[in-house]
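Got chain A sorted already, so can you dock chain B onto it with the hints?
There are 2 protein chains.
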Amino acid sequence: MNYDRQYAEYKQSIDTYLANFVDEQKPRTLYEPARYILAAGGKRIRPLLVLLSCEAVGGGKEDAIHAGAALEILHNFTLVHDDIMDHAPSRRGRPTVHKKWDNNVAILAGDALLALAYRALLRTPSSRIREISKVFTEGVVEVCEGQAFDKEFEDDTNVGVADYLRMIQKKTGKMVAAATEIGGLIGNAQPEHLKALRRYGERTGRAFQVQDDLLDITADEEEFGKKIGSDLIEGKKTYLLLMALKNAKGRDRQKLARVFRNGGISKREVKEFRNIYEETGAIRSARQRIAEDIRGAQKDILRLPATEARGMLAWLTDMLLHRTY
Amino acid sequence: MNYDRQYAEYKQSIDTYLANFVDEQKPRTLYEPARYILAAGGKRIRPLLVLLSCEAVGGGKEDAIHAGAALEILHNFTLVHDDIMDHAPSRRGRPTVHKKWDNNVAILAGDALLALAYRALLRTPSSRIREISKVFTEGVVEVCEGQAFDKEFEDDTNVGVADYLRMIQKKTGKMVAAATEIGGLIGNAQPEHLKALRRYGERTGRAFQVQDDLLDITADEEEFGKKIGSDLIEGKKTYLLLMALKNAKGRDRQKLARVFRNGGISKREVKEFRNIYEETGAIRSARQRIAEDIRGAQKDILRLPATEARGMLAWLTDMLLHRTY
Numbered sequence: 000m001n002y003d004r005q006y007a008e009y010k011q012s013i014d015t016y017l018a019n020f021v022d023e024q025k026p027r028t029l030y031e032p033a034r035y036i037l038a039a040g041g042k043r044i045r046p047l048l049v050l051l052s053c054e055a056v057g058g059g060k061e062d063a064i065h066a067g068a069a070l071e072i073l074h075n076f077t078l079v080h081d082d083i084m085d086h087a088p089s090r091r092g093r094p095t096v097h098k099k100w101d102n103n104v105a106i107l108a109g110d111a112l113l114a115l116a117y118r119a120l121l122r123t124p125s126s127r128i129r130e131i132s133k134v135f136t137e138g139v140v141e142v143c144e145g146q147a148f149d150k151e152f153e154d155d156t157n158v159g160v161a162d163y164l165r166m167i168q169k170k171t172g173k174m175v176a177a178a179t180e181i182g183g184l185i186g187n188a189q190p191e192h193l194k195a196l197r198r199y200g201e202r203t204g205r206a207f208q209v210q211d212d213l214l215d216i217t218a219d220e221e222e223f224g225k226k227i228g229s230d231l232i233e234g235k236k237t238y239l240l241l242m243a244l245k246n247a248k249g250r251d252r253q254k255l256a257r258v259f260r261n262g263g264i265s266k267r268e269v270k271e272f273r274n275i276y277e278e279t280g281a282i283r284s285a286r287q288r289i290a291e292d293i294r295g296a297q298k299d300i301l302r303l304p305a306t307e308a309r310g311m312l313a314w315l316t317d318m319l320l321h322r323t324y
Numbered sequence: 000m001n002y003d004r005q006y007a008e009y010k011q012s013i014d015t016y017l018a019n020f021v022d023e024q025k026p027r028t029l030y031e032p033a034r035y036i037l038a039a040g041g042k043r044i045r046p047l048l049v050l051l052s053c054e055a056v057g058g059g060k061e062d063a064i065h066a067g068a069a070l071e072i073l074h075n076f077t078l079v080h081d082d083i084m085d086h087a088p089s090r091r092g093r094p095t096v097h098k099k100w101d102n103n104v105a106i107l108a109g110d111a112l113l114a115l116a117y118r119a120l121l122r123t124p125s126s127r128i129r130e131i132s133k134v135f136t137e138g139v140v141e142v143c144e145g146q147a148f149d150k151e152f153e154d155d156t157n158v159g160v161a162d163y164l165r166m167i168q169k170k171t172g173k174m175v176a177a178a179t180e181i182g183g184l185i186g187n188a189q190p191e192h193l194k195a196l197r198r199y200g201e202r203t204g205r206a207f208q209v210q211d212d213l214l215d216i217t218a219d220e221e222e223f224g225k226k227i228g229s230d231l232i233e234g235k236k237t238y239l240l241l242m243a244l245k246n247a248k249g250r251d252r253q254k255l256a257r258v259f260r261n262g263g264i265s266k267r268e269v270k271e272f273r274n275i276y277e278e279t280g281a282i283r284s285a286r287q288r289i290a291e292d293i294r295g296a297q298k299d300i301l302r303l304p305a306t307e308a309r310g311m312l313a314w315l316t317d318m319l320l321h322r323t324y
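Heads up: the protein sequence lines correspond to chains A and B, in order.
Here the first sequence stands for residues 0 to 324, where the numbers follow numbering that gives the first Met the number 0.
Here the second sequence stands for residues 0 to 324, where the numbers follow numbering that gives the first Met the number 0.
In case anyone wonders, no lab produced these hints; they're calculated from the structure.
Owing to the predicted nature of the structure, the values given are computational and were not obtained by experimental measurement.
Glycine included, C-beta positions come from ideal geometry on N, C-alpha and C.
Keep in mind that the hints are not guaranteed to be accurate.
[Stated by the list, open to error] Output of the computed footprint for chain B on chain A, the stretches with three or more beta carbons under 8 angstroms from beta carbons of chain B: (1) 78 to 86; (2) 109 to 115; (3) 125 to 132; (4) 137 to 149.
[To be verified] Okay, the calculated beta carbon distance ranges per label pair: (5) D317(A) <-> G92(B): 57 to 63 angstroms; (6) K270(A) <-> A38(B): 50 to 56 angstroms; (7) E23(A) <-> E130(B): 19 to 25 angstroms; (8) P190(B) <-> R302(A): 43 to 49 angstroms; (9) R302(A) <-> R165(B): 52 to 58 angstroms; (10) D101(A) <-> R252(B): 29 to 35 angstroms; (11) T156(B) <-> N102(A): 21 to 27 angstroms; (12) E191(A) <-> P190(B): 37 to 43 angstroms; (13) A39(B) <-> G92(A): 48 to 54 angstroms; (14) D317(B) <-> R93(A): 50 to 56 angstroms; (15) Q253(A) <-> D155(B): 37 to 43 angstroms; (16) Y16(A) <-> M318(B): 17 to 23 angstroms.
[Unchecked claim] Partner residues aside, some chain A positions facing chain B, computed with beta carbon under 8 angstroms: (17) Q11; (18) Q24; (19) P26; (20) L29; (21) I106; (22) R118; (23) L121.
Isolated chain A, as found in the complex (with noise of 0.2 angstroms):
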């Protein structure tokens, strides 16, 4: 199977439904806002998952785009108000929403796109429509949640690295684990398949976060697409920095904990940081955490049943350990 070939099919589809998605023209304050978000692209990976997971346990990937647009959607509303509540200039190399227009447009635009998204969702033909419902709104909660410790983590300097990992599960983990569970239950899954399919979630975003806070440290700034160092220059608290002081002793130690005091540090100072990183096995662990969920969510689907979507799962997941962007 060419896998790369397929992807890009798949994505093209998932573009294609958000292009056509909101064909309203006013209020123009809404609506434009809207479709710069859901244009500016991405890598559609929770689409991509809802569609798989649906083929995995027999069922059309027609009755799961609709779910997978959702999720997408639902993806751009977290995007938009994060992006406001950090004060973030640019994403995906444009001005973000709050930027572009201001800060009242992007809560209007995101609040439009959190029902746009259950309009989508509700257009999935299934009998079981209240449990994907019911799946996703909680999943929404959980974003909020997450969301809510993260930014409540900002002045807190006692955040560990259970902490971290409960956030991001909420944060990230399980929106991805929504989409899966979501997949499956378009599917008409029993519920052991179910089950595979959110564990595989659950792991996969897990794994996909980390590695997002690693690259952050040793990607190839090129491919990247921004700034080797942006979380440590931010200040921000990732899973490197709270391993690297749990471990840390003496002097490193002491500036560890400057980047929480003074909330970042200087550009020049990244490659130490990096160095600090590596001695205190934070990378080391970062590294073999995402290998560990990775098997796990490989060995996941393997209660599947063999299918050529069930080959695409772990192609994708196999690519998200291995990329380097």
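Same frame as chain A, now just chain B:
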């Protein structure tokens, strides 16, 4: 029937449901503001309409309480986000969420409320849950559209009465119609009863909003609970202002246009503008429009079977017409 007492009982059951609904404690910055706004009171008109509409077509109010709460939670979501956008310092005599906490907390608490509204809605025991969720979702989309139009109108000097009526139909009317329609769906209403409930809701919602505009200038300040003329002072485009502007000539017209240009008037000018509203027939026009909608709404519900719930809907609509606060 003692409707006052019955209203108090219904309201109590809604307040209790809402007080018990959000029982999570952490993250604190998410659930404290969510509970704070839900406990702030209010008339609970929307849930009441859901319960009564359900009963009016033969359903049980215990089946409708979840959706009733969902409508009220959704309403509170709009209040939290609208207050950020309007820089409103207080609501119902207490600081607004973004004042008591900050904008970020208010954005996120609002988002969570929207998700929690769906959580409540999806507890509704009904085989028509897909239809119910669709009506709810389309209502949310229109609320966002209405708010976007409202904000766009602030900088638009070409807004007319028809634009205004379309805006409030989206911002307020549609969700009231959604309340009555959802109540009908839960009671498994036949199509003609559903239609009657929806029309009743649309008219009642619109009458309610125009009444709000009217009370801003005609109410008793103490009963009303806010300053008389605050819409004028803030330069808000209301039914009265737009209708007066449509009818006024000469100096009156110039004065009204000043409200547009300057974004408001001073407190001591309110009385003068009230006189202009009287003389241009804007107040009479608002009264007529409200009375017409209320009459239409009363006719709509005569298409429903004669029940106690129908009697109470008629009482409620009448109360809205005669309210002084």
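Cross-check of the supplied hints:
1. 78 to 86: Our answer is that it holds, as 3 residues pass the Cβ test (under 8 angstroms) against chain B, meeting three.
2. 109 to 115: holds (count 6)
3. 125 to 132: holds (count 3)
4. 137 to 149: holds (count 8)
5. D317(A) <-> G92(B): 57 to 63 angstroms: Distance hint for D317(A), G92(B) holds at roughly 59 angstroms.
6. K270(A) <-> A38(B): 50 to 56 angstroms: holds (52 angstroms)
7. E23(A) <-> E130(B): 19 to 25 angstroms: holds (22 angstroms)
8. P190(B) <-> R302(A): 43 to 49 angstroms: For P190(B) and R302(A) the Cβ distance comes to about 46 angstroms; the hint holds.
9. R302(A) <-> R165(B): 52 to 58 angstroms: holds (54 angstroms)
10. D101(A) <-> R252(B): 29 to 35 angstroms: holds (32 angstroms)
11. T156(B) <-> N102(A): 21 to 27 angstroms: 24 angstroms Cβ-Cβ, so the 21 to 27 angstroms window holds.
12. E191(A) <-> P190(B): 37 to 43 angstroms: For E191(A) and P190(B) the Cβ distance comes to about 42 angstroms; the hint holds.
13. A39(B) <-> G92(A): 48 to 54 angstroms: Violated - the Cβ-Cβ distance for A39(B) and G92(A), about 43 angstroms, lies outside 48 to 54 angstroms.
14. D317(B) <-> R93(A): 50 to 56 angstroms: holds (54 angstroms)
15. Q253(A) <-> D155(B): 37 to 43 angstroms: violated (57 angstroms)
16. Y16(A) <-> M318(B): 17 to 23 angstroms: violated (47 angstroms)
17. Q11: Not OK, violated: Q11(A) not within 8 angstroms of chain B, min 27 angstroms.
18. Q24: Hint violated; Q24(A) Cβ to chain B Cβ min 11 angstroms, cut 8 angstroms.
19. P26: For P26(A), the interface hint holds, since the closest Cβ of chain B sits about 4 angstroms away, which is under 8 angstroms.
20. L29: At 4 angstroms from the nearest chain B Cβ, L29(A) passes the 8 angstroms test, so the hint holds.
21. I106: holds (6 angstroms)
22. R118: Since chain B brings a Cβ to about 5 angstroms from R118(A), closer than 8 angstroms, the hint holds.
23. L121: holds (5 angstroms)
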